[in-house]
Amino acid sequence: MPPLPDSKIKTAITVLGNQLNPDGSAPKVLEFRVNAAAEYFKAFKRGSAIIILSGGDSGKAGITEAFRMRELIIARGVPD
Numbered sequence: 011m012p013p014l015p016d017s018k019i020k021t022a023i024t025v026l027g028n029q030l031n032p033d034g035s036a037p038k039v040l041e042f043r044v045n046a047a048a049e050y051f052k053a054f055k056r057g058s059a060i061i062i063l064s065g066g067d068s069g070k071a072g073i074t075e076a077f078r079m080r081e082l083i084i085a086r087g088v089p090d
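Residue numbering for the sequence shown follows the working numbering, beginning at 11 and increasing consecutively.
Source of the hints: derived by calculation from the structure; they are not laboratory data. We put the CB at the ideal spot given by N, CA and C, even for glycine. Take the hints with a grain of salt, since some may be wrong.
Stated by the list, open to error - Heads up, simulated DSS-like pairs for lysine-lysine below, C-alpha to C-alpha not over 25 Å straight-line: (1) LYS55 - LYS20; (2) LYS52 - LYS38; (3) LYS18 - LYS55; (4) LYS52 - LYS18; (5) LYS52 - LYS20; (6) LYS70 - LYS38.
Claimed, not checked - Computed spacing ranges between beta-carbons, pair by pair: (7) THR24 - GLY87: 13 to 23 Å; (8) TYR50 - GLU81: 10 to 20 Å; (9) ALA85 - ARG56: 25 to 35 Å; (10) LYS20 - ALA71: 27 to 37 Å.
Produce the entire structure from the sequences given, and follow the hints as far as they go.
Written out as structure tokens, the structure reads:
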């Protein structure tokens, strides 16, 4: 996909969700995906990549997978 006009964003990193644990915490596979996305994001020049987090509340934990991933990825130094 070509970049948007007048946009410096050239890469989109998509992180697929995974059902959260019953207590709302992230399972190991989700932590692995978030860690990989954070490291990949940091390899790009600032402002040239975005991260798209996906996932709903499939396990009825009361919080979406995407929201939990957002918290985790910010904790790993990726700007909001």
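Cross-check of the supplied hints:
With a C-alpha separation of about 10 Å, the suggested pairing of LYS55 with LYS20 holds against the 25 Å cut-off. For the hint pairing LYS52 with LYS38, the CA-to-CA distance comes to about 21 Å; that is within 25 Å, so the pair holds. Distance restraint check for LYS18 and LYS55: the Cα-Cα separation of roughly 10 Å lies within the 25 Å cut-off, and the hinted pair is therefore satisfied. Our distance criterion of 25 Å between C-alpha atoms is met by LYS52 and LYS18, whose separation comes to about 15 Å.
As the CA atoms of LYS52 and LYS20 are separated by approximately 14 Å, the hinted pair is consistent with the 25 Å bound. Between the alpha carbons of LYS70 and LYS38 the distance comes to roughly 18 Å, so the proposed pair stays at or under 25 Å and holds. One distance hint, 13 to 23 Å for the beta-carbon pair THR24 and GLY87, holds here, with the actual separation near 19 Å. Between TYR50 and GLU81 the beta carbons are some 19 Å apart, a value that agrees with the proposed interval 10 to 20 Å.
At roughly 18 Å, the beta carbons of ALA85 and ARG56 sit outside the given window of 25 to 35 Å. Take LYS20 and ALA71: their Cβ atoms lie about 35 Å apart, and the range 27 to 37 Å holds.
Checked against the numbered hints above, the structure violates only hint 9.
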